[in-house]
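Keeping their order, the protein sequence lines are chains R and H. Position in the first sequence (from 1) plus 2 gives the number in our numbering. Position in the second sequence (from 1) plus 2 gives the number in our numbering.
Just so you know, these hints were derived from the structure itself, not from any lab. In this text the structure is predicted, and so the values were computed from the model without any measurement. Mixed in with the good hints there might be a few duds.
Identical chains blur together in the list; that is why a pair holds if it fits in one copy or across any two.
Stated by the list, open to error - Below 20 Å or equal to it, Euclidean Cα-Cα: the simulated SDA-like pairs (lysine to any residue) are:
(1) Lys79 with Gly125
(2) Lys76 with Thr264
(3) Lys7 with Asp80
(4) Lys161 with Ala450
(5) Lys265 with Glu391
(6) Lys394 with Leu200
(7) Lys210 with Gly163
(8) Lys430 with Gln22
(9) Lys79 with Ser69
(10) Lys142 with Lys398
(11) Lys142 with Ala450
(12) Lys398 with Thr429
(13) Lys394 with Gly141
(14) Lys393 with Gly141
(15) Lys161 with Gly271
(16) Lys404 with Ala242
(17) Lys58 with Thr261
2 protein chains.
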Amino acid sequence: MAKIKPRTLSGFMELLPAPQQQMERIMETLRETYSLYGFTPLDTPIIEDAQVLLAKGGGETEKQIYSVSNFNLKGDKDSNLAMRFDLTVPLAKYVAMNYGQLTYPFRRYQIGKVYRGERAQRGRYREFYQADIDIIGDGKLDIANEAEIPSIIYQTFSKLGLKRFQIRVNNRKILNGFYEMMGLSEQSQSVMRTVDKLDKIGPAAVRKLLVEECAVSEQAADEVLTFISIQGTNAEVLTALEAYQGKSQTFDRGLEELTSVTKYLSVFGVPEENFAVDLTIARGLDYYTGTVYETTLLDHPEIGSVCSGGRYDNLAGYYIDKPLPGVGISIGLTRLFYVLEDQKMLNPQMPTAPAEVLVVPMSADQQAYAISVATQLRAQGIRTQLYTEQKKFKAKIQYASKLGIPYAMFLGESEEQENVVALKDLTKGQQVTVPLQEAVETIWEYIAQAEEIKAIVE
Amino acid sequence: MAKIKPRTLSGFMELLPAPQQQMERIMETLRETYSLYGFTPLDTPIIEDAQVLLAKGGGETEKQIYSVSNFNLKGDKDSNLAMRFDLTVPLAKYVAMNYGQLTYPFRRYQIGKVYRGERAQRGRYREFYQADIDIIGDGKLDIANEAEIPSIIYQTFSKLGLKRFQIRVNNRKILNGFYEMMGLSEQSQSVMRTVDKLDKIGPAAVRKLLVEECAVSEQAADEVLTFISIQGTNAEVLTALEAYQGKSQTFDRGLEELTSVTKYLSVFGVPEENFAVDLTIARGLDYYTGTVYETTLLDHPEIGSVCSGGRYDNLAGYYIDKPLPGVGISIGLTRLFYVLEDQKMLNPQMPTAPAEVLVVPMSADQQAYAISVATQLRAQGIRTQLYTEQKKFKAKIQYASKLGIPYAMFLGESEEQENVVALKDLTKGQQVTVPLQEAVETIWEYIAQAEEIKAIVE
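Work out the full structure: start from the sequences and follow the hints.
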């Protein structure tokens, strides 16, 4: 028969079993942490009505979107279909649709695949996981939520085993207020985009662009550079900002918010070294209105932010006439996974075996005994594989070691007669013949030790 | 601003938070059970190259498939895209692609969404979850695997809380062998399709169709009806089948396999009442070659099979020149969920609250104390929500009770000064003022009790 070459599309993640186990562990850690903070899981369709998805409309998104069509459904009312490109628009749709049935503040997490038709490029994915948390208020939302969100990110990253990361925090009201006092409100978007290039092109080039392309006076450009150069401990930055107080209500409110967020972040247990007030953070999207976040791996600044978000005033304005302020953050999970893999940060000690023990009947005569032993092991919560293939002994051992299964249990005629098992520790190469329950205890000791290796990242 | 009506496409599952928690619990139970049997999780893209996906080609599938296109990627080598319609084809692709890097027998589970452009109809979904387990051999695969697979389904359904279900088992070799001895090999596919209607149209109508549409003689039709009417305990059915032995090698081998599967299923701990040898089970797909399964809810036979599968000889023949026999089973999870919901079988006792405790500062002055308390609760593994909105006391209580959160912790000035918490049991309406650690113990007692309610189904 003529064969079709099996292949996976470029830009689509597909892992071998061992790395997939690592990815699963990351997702489990995220689910557990988000649940600990009282977030409820959501699951929305991957396909939506294109009109709903593109309510906001506009440029690059529309080009990147995947359209979906189907022979059977041509002319059907549901024939204008597209795939979601983020989890925020589906959340907005969900809250607007179910407005009266939800309880506010509504806290949800969602871990799901999103789709973007990006041109092939290293580090760009066409299908990738996002992991989002958002808190949505009905009309109002207290400032404490803007500190809680980054504290969750701190917990999540710490549980994954990451240590050298920093959550950088700013407030859009501070920026907007500052540009207001400078008389630069009109060009504030282009100024912020320019300032955002500071890390890449340096202060001199930023100054040049501000003057030449953003219609900023030489003097104002200097003031902008002075402002975004404010650095130091969080307390020092906040003190420096006090000098600008009293000239713009927006600025004053932003400073008050940033001061609260900084204070609360400490109370949430986030160490000073893991968060920094950073006036260069702006986030491009104009729908952020308060606190904004970016998270960088300190040893890999070149990667940019691995987790970003902020406060917005109006989640679902395209669908519903209710003010729904919220705050949220998104981890690009697929990208984060590949970054950790690339940087050799994934913990090789983390067990990726699909089972703790391989139960091996020595011949077909012990099949029933082996099944009964495996059934007892599973009933006690031990992940067990049964190996019933008629292969040479060596092949059976190789099977277990290839998969990294730590124990094998050999069951021959004498073991069956004496109702015992030959338990081999494949790491140490030691074998003992013991009653099943004793073997179970040995394996449980191993599991307890393996559980200690919680960190996915070294 | 003109609004766009937020809506979710028909045939696409989207749940409110409480039922979503039930769905999550079902998926968690599946993941845990499959892991206990040594299956490794896989995750493959939802979009594949259409040519790869449609390698088998043909009819209804091609009409139901969703094609995907994108503005940016027109003319790109990856521009002929389609969405997966099951998890078997992606598995075949995966195994063929990674043939040399996998260890056999390869045991994987996959829980994922699949897409079919079905015309709108009650009980038909366009996006739905399948939960598949398969064991793939390299060249050979022992018969014990054909008993292990339904034993996993028994465990899974039992853990979900289902009791009155039956896994019905047959063997295609028995059917093929029987039709061979009847001289009906040529029309065996159409005969099997007709016999499959027995439950719906009754024996007389089946007999009529066999004679009139399948070119079966009157006498052979009687023999077919006699054969498929064989009923009784599993031992009785197997004994009755022995009468047909010695006339077809295929039949004899099938009977041997079915006898082994029946014997092993008992050893795997599956009670006789939960599985039945049933000669009417054939499964339409012609790629099944040995044991076949269907699972019915005994109180709802009208629903048909909720979990089906079987043994096949050649998983990936379209992609690779290696014989890859396997056995697998698939649960249509979205459908199962709606069936359980429709039949009011979902356990209303199962907690669906997003947290065990709501921490409520009585005024903004206790915000920091509340954050510190919530942080300590979370550090001890208690799912905690922090309620910092400035609302009336009644609104705060309503928030907790709407979400079904069992405890609230009120923190006023005096509680902060004395470093205690006012813990209210919202179910009983009782309130005590105690040190935090005492409150933690009370909540842990509740959690331990709630954990007992494992069953999702009543």
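Hints and how they fare:
1. Lys79 with Gly125: Only across copies: Lys79 and Gly125 sit 19 Å apart there, 37 Å inside one copy, limit 20 Å.
2. Lys76 with Thr264: Neither way: Lys76 and Thr264 sit 54 Å apart in one copy and 48 Å across, limit 20 Å.
3. Lys7 with Asp80: Answer is between: at 14 Å across copies they meet the 20 Å cutoff, but 34 Å inside does not.
4. Lys161 with Ala450: within (18 Å within a copy, 24 Å between copies)
5. Lys265 with Glu391: between (62 Å within a copy, 18 Å between copies)
6. Lys394 with Leu200: neither (64 Å within a copy, 46 Å between copies)
7. Lys210 with Gly163: neither (42 Å within a copy, 69 Å between copies)
8. Lys430 with Gln22: Classified as neither; 26 Å inside a copy, 45 Å across copies.
9. Lys79 with Ser69: both (15 Å within a copy, 17 Å between copies)
10. Lys142 with Lys398: For Lys142 and Lys398, only the inter-copy Cα distance (14 Å) is at most 20 Å; the intra-copy one is 63 Å.
11. Lys142 with Ala450: neither (46 Å within a copy, 36 Å between copies)
12. Lys398 with Thr429: within (15 Å within a copy, 55 Å between copies)
13. Lys394 with Gly141: between (70 Å within a copy, 15 Å between copies)
14. Lys393 with Gly141: Classified as between; 12 Å across copies, 68 Å inside a copy.
15. Lys161 with Gly271: Result: close within a single copy only, 14 Å intra versus 39 Å inter.
16. Lys404 with Ala242: Cα proximity of Lys404 and Ala242: none, with 59 Å in one copy and 45 Å across.
17. Lys58 with Thr261: neither (33 Å within a copy, 63 Å between copies)
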